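Chains as they are written, first to last, in my numbering: chain E, 21 to 160; chain F, 20 to 283.
In short, the hints are calculated from the structure, not lab data. If you're wondering where the values come from, they're calculated on a predicted model, not measured in any experiment. Take the hints with a grain of salt, since some may be wrong.
[Claimed, not checked] List of simulated lysine-lysine pairs, BS3-like, C-alpha gap at most 27 Å:
| no. | chain 1 | residue 1 | chain 2 | residue 2 |
| --- | --- | --- | --- | --- |
| 1 | F | K75 | F | K35 |
| 2 | E | K122 | F | K275 |
| 3 | F | K33 | F | K129 |
| 4 | F | K263 | E | K122 |
| 5 | F | K263 | F | K187 |
| 6 | F | K129 | F | K263 |
| 7 | F | K275 | F | K213 |
| 8 | E | K122 | F | K276 |
| 9 | F | K187 | F | K275 |
| 10 | F | K88 | F | K75 |
| 11 | F | K27 | F | K213 |
| 12 | F | K129 | F | K88 |
| 13 | F | K129 | E | K122 |
| 14 | E | K122 | F | K187 |
| 15 | F | K30 | F | K129 |
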Amino acid sequence: MSSGWNDPRPMSPFTSIWRWHVTMVTSILHRASGMVLAAGSVLIVAWLFALAAGEKQYDKMMELLGSWPGKAVLFAFSLALFFHLLNGVRYLLWDSGYGFEKETANRTSWLVMVMALALTLGLWAAGYWMFEAFPGQKSH
Amino acid sequence: MAQLTLPKNSKITKGKHWPAPAGSDVAQVRTFRIYRYDPDADTGPRWDLFDVDISKCGPMTLHVLIYIKDEIDPTLSFRRSCREGICGSCAMNVDGRNTIACTKGVDELKGSGGVISISPLPHMAVIKDLVPDLSDFYAQHAAMEPFLRTTTPEPQKEWRQAPEDRDKLDGLYECIMCASCSTACPSYWWNGDKYLGPAALLQAYRWLIDSRDEATGERLDALEDPFRLYRCHTIMNCTQVCPKGLNPAKAIGEIKKMMLERMV
Chain E
21 MSSGWNDPRP
31 MSPFTSIWRW
41 HVTMVTSILH
51 RASGMVLAAG
61 SVLIVAWLFA
71 LAAGEKQYDK
81 MMELLGSWPG
91 KAVLFAFSLA
101 LFFHLLNGVR
111 YLLWDSGYGF
121 EKETANRTSW
131 LVMVMALALT
141 LGLWAAGYWM
151 FEAFPGQKSH
Chain F
20 MAQLTLPKNS
30 KITKGKHWPA
40 PAGSDVAQVR
50 TFRIYRYDPD
60 ADTGPRWDLF
70 DVDISKCGPM
80 TLHVLIYIKD
90 EIDPTLSFRR
100 SCREGICGSC
110 AMNVDGRNTI
120 ACTKGVDELK
130 GSGGVISISP
140 LPHMAVIKDL
150 VPDLSDFYAQ
160 HAAMEPFLRT
170 TTPEPQKEWR
180 QAPEDRDKLD
190 GLYECIMCAS
200 CSTACPSYWW
210 NGDKYLGPAA
220 LLQAYRWLID
230 SRDEATGERL
240 DALEDPFRLY
250 RCHTIMNCTQ
260 VCPKGLNPAK
270 AIGEIKKMML
280 ERMV
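Bound-form chain F, shown alone:
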């Protein structure tokens, strides 16, 4: 049975409140409720409130986090690298939706009751603050064997592909593995150990329809299982949140079609 609430050790308590410094322009101050967890402390996770003068930061949510770390609380932990939507490191839940903080404009955030919540990617083990453990997620990606599998002898130059076959990879190869989609998926929440999740399945489809790949049958065999593929119930959260605008739900639908087509 699906667990709808957090387990005992994960209940979130009220934490600190960091008011904006005196003299801040009140109209520019927005309140961010940020999930905090310190593995070295004996206490569980908490919500800290930060009142931030957003005229002091850049336009993106990541800028706010960096501002908080630099100016308010240097212990705040989060992953970030490229700051331009290509590395996928800063994926987190912002304002109730998974996204990458670096491409999410603060002006886009609605908030709830004047407070914008920021928490780690949902239903994951938290290492610290906004940093979740993605080991299982990466293992699922690796299990998809995300590389060309061939049996024919290697050509002298490159494996050739017609432009129209190459076009089929558009909307698939762009995945940056930020895990926004998989950790948005209720099926992945309840069965993340057995269901592969949208990111891994999009990756699987990227190789299934690659005209150069010669392991289509084996790849489909590996997905033929009540959980791995078929736990997708087309809830669509993956497609709703993908910060790159990709459509994992459609890719999964296409895999289901391939399964059916090879049976009839």
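Extracted from the complex, chain E is given alone in its bound form:
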């Protein structure tokens, strides 16, 4: 049914009328964060290439990553990582037969979203704190 609707009768509305559940949100976010992580792994490879290519190229890469757009990408990458990791635990629990009750699934959905955001902010706060605490390090 996904490709081409050959029925002369109309298809009833689905995405346009559905009122979302929080479990639906975490499900689609799991997929989205997985895609961000796949793209992010390419970024890591690019960073390794720059590292291998020499000091000049590496400096250039670090300059790029240190810019505001670069930081935004890294922030999204870290957020996706934490979310995918935490939500992955939900899938592990489901695979062991736990957490299927409606209320539990709703609660764990909210929990992983809040925790992913908190851990990401924590990571960045820690990063900035380290940068402040060791000002001798060259800023890239």
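Starting from the known structure of chain E, fit chain F onto it as the hints suggest.
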């Protein structure tokens, strides 16, 4: 690739507006946006607006539909039978969620912008108005062979079952096959021809864990397929909407566990 929007012949246009009769108590009037499709007309589906004085109807969404059919527009088509949540006929999408109209109180409906939408079960071929074609859904149910399969000779009296084994069927046998769960499932929307959907899988599990059934292996074999069972990604829409409070997502999880357990 998943199709996110309606195909060309299914685009919904603006339809008629039926205002409440003059002199109605304004505080009691609620607006219902109802999906209409007439197979005998050349036009596609449309949204009709009905302003209904709900003090004139019973408390449930089905009462509103019956009121509209009786008092406003007799051409409105929908399925209904028992009007008490046991037959599953009046399953439809009310206020953005699948449910059976007969047990959904009008006071529970939030609406959007003051309008409550009612449409057929999602992503199905529409026969007329709120009546979807459930042939494939029933075929999937039949494919689960929803009956006791045995090889040992039949006992003189009945097949016996210990009370604790009987308890395992609670939360499974109550399914009324209204199709609310399956047509709530995005995986079923995108792959309804290959993925069995939550209702059929809950039915499969009901027989898989029946202590009297002797075809467990064959039943599991029939589900061992990249689509039939494993297209469940635990989106949980099925469990969220089941009007009987059942948990198809959990049943599917249990089947996945049985698959794994017989392999190790």
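Status of each hint after checking the structure:
1. F:K75 to F:K35: With a Cα-Cα distance of about 21 Å, the restraint between K75 of chain F and K35 of chain F holds, given a limit of 27 Å.
2. E:K122 to F:K275: Distance of about 19 Å is within 27 Å: holds.
3. F:K33 to F:K129: 22 Å, holds
4. F:K263 to E:K122: 13 Å, holds
5. F:K263 to F:K187: OK: K263 of chain F and K187 of chain F at ~17 Å, within 27 Å.
6. F:K129 to F:K263: Measuring from Cα to Cα gives roughly 20 Å; hence the hint holds.
7. F:K275 to F:K213: Holds. K275 of chain F to K213 of chain F sits at ~17 Å (cutoff 27 Å).
8. E:K122 to F:K276: 20 Å, holds
9. F:K187 to F:K275: The given pair, whose Cα atoms are some 17 Å apart, holds under the 27 Å limit.
10. F:K88 to F:K75: This hinted pair holds, its Cα atoms lying about 13 Å apart.
11. F:K27 to F:K213: 23 Å, holds
12. F:K129 to F:K88: 23 Å, holds
13. F:K129 to E:K122: 20 Å, holds
14. E:K122 to F:K187: 19 Å, holds
15. F:K30 to F:K129: 25 Å, holds
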